[in-house]
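With chain L held as given, fit chain H onto it using these hints.
Protein chains: 2
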Amino acid sequence: MGKKITIYDIAKKLDITAATVSRALNNNTKISEATRELVIRTAKEMNYEQNKLAQALKSGKSYNVGVIVPRIDSNFFASIIRGIEEELYPKGYHVIICQTHDQEYLEIGNINSLLNAQVDGILMSISNANLENNESFKNLLKKNVPLIFFDRKKDIKGVSSVTIDDFKGAYDATQHLINQGCKRIAHLSNDRKLLIFKNRYLGYKQAIIDNGLEFDESLVIETQSKVLEGRKTTKILLDMENRPDAIFSSSDFTALGAIEEIKAHGLRIPEDICVAGFANEPFTKFMELSITSVDQSPIEMGRLTAQVFLEEVNNSKKIKSEKQVVLTPELMIRKSSQKLKID
Amino acid sequence: MGKKITIYDIAKKLDITAATVSRALNNNTKISEATRELVIRTAKEMNYEQNKLAQALKSGKSYNVGVIVPRIDSNFFASIIRGIEEELYPKGYHVIICQTHDQEYLEIGNINSLLNAQVDGILMSISNANLENNESFKNLLKKNVPLIFFDRKKDIKGVSSVTIDDFKGAYDATQHLINQGCKRIAHLSNDRKLLIFKNRYLGYKQAIIDNGLEFDESLVIETQSKVLEGRKTTKILLDMENRPDAIFSSSDFTALGAIEEIKAHGLRIPEDICVAGFANEPFTKFMELSITSVDQSPIEMGRLTAQVFLEEVNNSKKIKSEKQVVLTPELMIRKSSQKLKID
Numbered sequence: 001m002g003k004k005i006t007i008y009d010i011a012k013k014l015d016i017t018a019a020t021v022s023r024a025l026n027n028n029t030k031i032s033e034a035t036r037e038l039v040i041r042t043a044k045e046m047n048y049e050q051n052k053l054a055q056a057l058k059s060g061k062s063y064n065v066g067v068i069v070p071r072i073d074s075n076f077f078a079s080i081i082r083g084i085e086e087e088l089y090p091k092g093y094h095v096i097i098c099q100t101h102d103q104e105y106l107e108i109g110n111i112n113s114l115l116n117a118q119v120d121g122i123l124m125s126i127s128n129a130n131l132e133n134n135e136s137f138k139n140l141l142k143k144n145v146p147l148i149f150f151d152r153k154k155d156i157k158g159v160s161s162v163t164i165d166d167f168k169g170a171y172d173a174t175q176h177l178i179n180q181g182c183k184r185i186a187h188l189s190n191d192r193k194l195l196i197f198k199n200r201y202l203g204y205k206q207a208i209i210d211n212g213l214e215f216d217e218s219l220v221i222e223t224q225s226k227v228l229e230g231r232k233t234t235k236i237l238l239d240m241e242n243r244p245d246a247i248f249s250s251s252d253f254t255a256l257g258a259i260e261e262i263k264a265h266g267l268r269i270p271e272d273i274c275v276a277g278f279a280n281e282p283f284t285k286f287m288e289l290s291i292t293s294v295d296q297s298p299i300e301m302g303r304l305t306a307q308v309f310l311e312e313v314n315n316s317k318k319i320k321s322e323k324q325v326v327l328t329p330e331l332m333i334r335k336s337s338q339k340l341k342i343d
Numbered sequence: 001m002g003k004k005i006t007i008y009d010i011a012k013k014l015d016i017t018a019a020t021v022s023r024a025l026n027n028n029t030k031i032s033e034a035t036r037e038l039v040i041r042t043a044k045e046m047n048y049e050q051n052k053l054a055q056a057l058k059s060g061k062s063y064n065v066g067v068i069v070p071r072i073d074s075n076f077f078a079s080i081i082r083g084i085e086e087e088l089y090p091k092g093y094h095v096i097i098c099q100t101h102d103q104e105y106l107e108i109g110n111i112n113s114l115l116n117a118q119v120d121g122i123l124m125s126i127s128n129a130n131l132e133n134n135e136s137f138k139n140l141l142k143k144n145v146p147l148i149f150f151d152r153k154k155d156i157k158g159v160s161s162v163t164i165d166d167f168k169g170a171y172d173a174t175q176h177l178i179n180q181g182c183k184r185i186a187h188l189s190n191d192r193k194l195l196i197f198k199n200r201y202l203g204y205k206q207a208i209i210d211n212g213l214e215f216d217e218s219l220v221i222e223t224q225s226k227v228l229e230g231r232k233t234t235k236i237l238l239d240m241e242n243r244p245d246a247i248f249s250s251s252d253f254t255a256l257g258a259i260e261e262i263k264a265h266g267l268r269i270p271e272d273i274c275v276a277g278f279a280n281e282p283f284t285k286f287m288e289l290s291i292t293s294v295d296q297s298p299i300e301m302g303r304l305t306a307q308v309f310l311e312e313v314n315n316s317k318k319i320k321s322e323k324q325v326v327l328t329p330e331l332m333i334r335k336s337s338q339k340l341k342i343d
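If you read the protein sequences in the order shown, they are chains L and H.
Counted from 1, the first sequence has number 303 at position 303 by the UniProt record's numbering; the numbering is strictly sequential.
Counted from 1, the second sequence has number 134 at position 134 by the UniProt record's numbering; the numbering is strictly sequential.
The following block holds chain L by itself, in its conformation from the complex (with noise of 0.2 Å):
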């Protein structure tokens, strides 16, 4: 069991003062980094255990650090959220995960609880596009908490971003299923209010055009990131008297979706029809008809997200910048759409 270890053991233990201590668990600047990493490393060591919540009222601080996702069941947000993890803890912050299911009232009621968990930061991806017009919204960015967006995010003045070239990744999913032959190419969107979708239509688009296509908006349509969602979207393309000869899928759900409907209705992939996601979630990899898809490097973006996170917190005195982070994507060629073989 032994007696609970407080600062002064630490302080004995590494022969520097219990000030020096005090001030390097509470992030005071006139302590180096290196000292700072080295008490903190020594606490854990020791099963030190701050008075938190006391620390909080006193330095505004809670070194609890809120996330906030659409959903935790993709792997995609799972693995930014094991980057951000990654990250922040060996800096002593703590993460707390909500998820929204896309639907505002628990984003809003989200960023009221996380507020009032008192975090030091919210880092998000956005399920609601008028996000910004919403009372509770307008108040975090009033106050000094640090929001950073990442994947699904807004232009907002004074918010930083992490997030992947949307368009690119759309606009090389489309120019692979051209290059396989591909000419009537249907896209299933989603919300274009929110950038990410906007830009994966953006660069379809653009790679039909460039490639001297028709370019056909009624085949391109807006459903939700679900399965089922995908299939009933399919079933509208493919009862079409002129039907399209590919599907390019803003989501991994729709597109197996679609690849179940395309099956259901007799229709062979890739020969009928060539099939490409975007996310890249483990299953496309492991299906027995493996899906192309484009990988977004989530872990690394959760990585970037967090040290912008640490960057604004640590700089929230200073002048108020704002980051832009942009990840390259990068398209995995798989079963679903490759009817010319390479090599």
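Be aware that one or more of the hints could be misleading.
Derived lysine-lysine pairs resembling DSS-like cross-links, with alpha carbons at most 25 Å apart [said to hold, decoys possible]:
id: 1; chain 1: H; residue 1: K226; chain 2: H; residue 2: K198
id: 2; chain 1: H; residue 1: K263; chain 2: L; residue 2: K285
id: 3; chain 1: L; residue 1: K138; chain 2: H; residue 2: K44
id: 4; chain 1: H; residue 1: K138; chain 2: H; residue 2: K198
id: 5; chain 1: H; residue 1: K44; chain 2: L; residue 2: K335
id: 6; chain 1: H; residue 1: K335; chain 2: L; residue 2: K263
id: 7; chain 1: L; residue 1: K44; chain 2: H; residue 2: K138
Pulled from the structure, derived: some chain L residues nowhere near chain H, Cβ distances all over 10 Å [said to hold, decoys possible]:
id: 8; residue: A11
id: 9; residue: S22
id: 10; residue: N64
id: 11; residue: D172
id: 12; residue: S218
id: 13; residue: E229
id: 14; residue: P282
id: 15; residue: E288
id: 16; residue: L327
Calculated directly from the structure, the hints in this document are not laboratory data.
Beta carbons are placed, not taken as given, at the ideal position from N, Cα and C, and that holds for glycine.
Chain H only, in chain L's frame:
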């Protein structure tokens, strides 16, 4: 930006004392209803924000509930969380989630973070078998914060839990393998200081004994619930002189690793070796070689956990009751173990 409005600003505007403002905002009965309403209206007009933390400290309710899981990127835990949310959101609660990655220091850190965030209860699936010896955890038990275990539990006096009958799930899976003609069934176990893994081991063992087969302890290996660990452990089994003809894994992830390793050894599934996992993760169904597994009704488990929490939080003044809810598992038979064709 503007500076933060305080009770002194409100007092000045209304020409009353700050103490009166404070009493009015905190529903002190000494204040007249007219004054109370005036103060609240003025506070709203001035965009005054009460310190919710201070408020939470006083009223003892934040309407935030903390959920701690080993990992969010498994369908099993994500589904439990969905069940919890479905039950709690309509009651006005918000759910905030932490993951431990099976690390003891993160588990303790998460408990502290959630307590600092003033949650009204903690629902958790434990990672650390020695949890009850930890000071922070003892501290939690002493507080009046409802704590409920789900799935991974320890028997701790006064702590309710919702689990499935792991013994029966493992017994049924093992019996199925025996029915397929398997005689040397290995078991990929996990930390048996955790009850779920102990009970799966006991169910497996009992089925072997009940069928008059020889129980060989050398065929039981403890490993971690990860694909790569499953591969490593299976390699040990396949290199045995008298290798097993079936593997029952306490995790779908290690079962997947086992399948990869068996294939890498040029052996056939199920002809040479049958494989069964546990948890019914979606990939077990979608795999080219679908994997036999045990379903644990995770959404139901989450809903029941939330219900137990609601009972406790609404009865906190009464004598503390302890509830143990046990669900019945269901065996899902798939290709990885189906040697004999059933019609």
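Non-conforming hints, listed in increasing numerical order: 5, 10, 14, 15
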